[in-house]
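Participant: Given next are the chains, with one letter for each unit.
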Amino acid sequence: MLFFSFFKTLIDEQVIIELKNDMSIRGTLKSVDQFLNIKLDDVSVVDEVKYPHLSAVKNVFIRGSVVRYVHLPGAVVDTALLEDATRKEAASQASKAGGR
Amino acid sequence: MENTDPALLPSIIFTTAAQLVDCVDKKLLVVLRDGRKLIGILRSFDQYANLVLQDTIERIIVESMYSDIQRGVYIVRGENVVLVGEIEPEKEDSIPLKEVSLDEIYAARQDEINHRRQRELTKNSKLMDIGFSIDTQQEDMY
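Quick mapping for you: the protein sequence lines, in order, are chains P and E.
Adding 12 to a residue's 1-based position in the first sequence gives its number in this note's numbering.
Adding 4 to a residue's 1-based position in the second sequence gives its number in this note's numbering.
Please note that a few of the clues may not be correct.
For the chain E half of the interface with chain P, some residues (derived, Cβ under 8 Å), not all of them [unchecked claim]:
# : residue
1 : Gln-23
2 : Ala-53
3 : Gly-76
4 : Glu-92
5 : Lys-95
Cross-link-like lysine-lysine pairs, in silico, DSS-like; alpha carbons within 30 Å at most [claimed, not checked]:
#  : chain 1 : residue 1 : chain 2 : residue 2
6  : P       : Lys-32    : E       : Lys-95
7  : P       : Lys-70    : E       : Lys-127
8  : P       : Lys-32    : E       : Lys-127
9  : P       : Lys-70    : P       : Lys-20
10 : P       : Lys-32    : E       : Lys-30
11 : P       : Lys-20    : P       : Lys-108
12 : E       : Lys-41    : P       : Lys-32
13 : P       : Lys-20    : P       : Lys-32
14 : E       : Lys-102   : P       : Lys-70
15 : P       : Lys-32    : P       : Lys-70
Listed below are several chain P residues computed to face chain E (Cβ distance under 10 Å; list not exhaustive) [unchecked claim]:
#  : residue
16 : Phe-15
17 : Phe-16
18 : Asn-33
19 : Ile-37
20 : Asn-49
21 : Ile-50
22 : Asn-71
23 : Val-89
24 : Thr-91
In case anyone wonders, no lab produced these hints; they're calculated from the structure.
These figures come from a predicted structure and were not determined experimentally.
Even for Gly, the Cβ is constructed at its ideal location relative to N, Cα and C.
Start from the sequences and build out the full structure, keeping to the hints where you can.
Facilitator: Following this line, the structure appears as structure tokens:
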């Protein structure tokens with residue numbers, strides 16, 4: 013749930029989604045779900061010549077399972093907040109595992 | 005500003021359902037993991053991104069040529085879906101591709117497959133020469 017919440021804070025930011033087949037898609041992050049499926053508006057494919065099939069497409073839904081990387085502008089990420097949230101998440105995972 | 009913070013909004017708007025409901029009854033391009041491109045009207049979906057497409061055509065694209073095959077109604081299992089794109093009717097008329105006959109596209113595709121196989125063989129033999137073992141598993145083709 014941590015990265016789901018993290019992505020929710022990045023809505024309306026410009027991101028580049030790199031897929032496992034090496035195709036990269038630039039667009040504005042509009043929506044994310046628990047599987048980290050991503051919806052982008054106003055997309056442009058990074059190497060349009062190599063991937064011409066998306067020329068008539070403006071908005072895409074990308075299945076989370078095919079994403080390799082999500083490239084973000086560094087300025088929008090609050091690393092302190094992220095570290096904090098990760099520590100809390102790790103602590104809650106550890107206590108869940110210990111409790112059994 | 006607090007009540008528009010997406011992290012605090014009700015989670016229902018951040019579900020797979022919410023993402024795809026706007027696409028229903030629209031003409032979509034679906035790219036599958038085996039490299040196929042389907043263009044059809046989305047009639048139904050679920051949380052796994054299983055899709056029901058109507059009036060579907062399969063578009064085979066090789067370099068700057070394409071050819072369409074009528075396919076009818078598809079139920080696509082979600083695990084095969086790479087992406088679903090909304091097709092803009094205005095932009096559809098100005099795609100940078102040339103339509104050719106099915107025979108032509110099959111020939112062109114066979115050429116592309118042969119070239120790719122040649123490159124793979126050369127690459128693999130070079131890798132084996134320097135000590136790598138070759139993974140012969142066919143990966144996703146998209």
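Participant: Confirm or reject each hint.
Facilitator: Evaluation of the provided hints:
1. Gln-23: This hint holds: E:Gln-23 lies near chain P, its Cβ roughly 5 Å from the closest one there, short of 8 Å.
2. Ala-53: Result: holds, 6 Å to nearest chain P Cβ.
3. Gly-76: violated, 21 Å
4. Glu-92: holds, 5 Å
5. Lys-95: The hint holds - E:Lys-95 has a Cβ within 8 Å of chain P, the shortest such distance being about 4 Å.
6. P:Lys-32 - E:Lys-95: Holds, at about 27 Å.
7. P:Lys-70 - E:Lys-127: violated, 36 Å
8. P:Lys-32 - E:Lys-127: holds, 20 Å
9. P:Lys-70 - P:Lys-20: holds, 21 Å
10. P:Lys-32 - E:Lys-30: holds, 27 Å
11. P:Lys-20 - P:Lys-108: holds, 25 Å
12. E:Lys-41 - P:Lys-32: holds, 17 Å
13. P:Lys-20 - P:Lys-32: holds, 22 Å
14. E:Lys-102 - P:Lys-70: With Cα atoms ~21 Å apart, E:Lys-102 and P:Lys-70 stay inside 30 Å; holds.
15. P:Lys-32 - P:Lys-70: holds, 21 Å
16. Phe-15: With Cβ-Cβ at 12 Å, over 10 Å, it is violated.
17. Phe-16: With Cβ-Cβ at 7 Å, under 10 Å, it holds.
18. Asn-33: holds, 5 Å
19. Ile-37: At 8 Å from the nearest chain E Cβ, P:Ile-37 passes the 10 Å test, so the hint holds.
20. Asn-49: holds, 6 Å
21. Ile-50: holds, 8 Å
22. Asn-71: holds, 5 Å
23. Val-89: With Cβ-Cβ at 14 Å, over 10 Å, it is violated.
24. Thr-91: It is violated, given that the least Cβ distance between P:Thr-91 and chain E is near 16 Å, above 10 Å.
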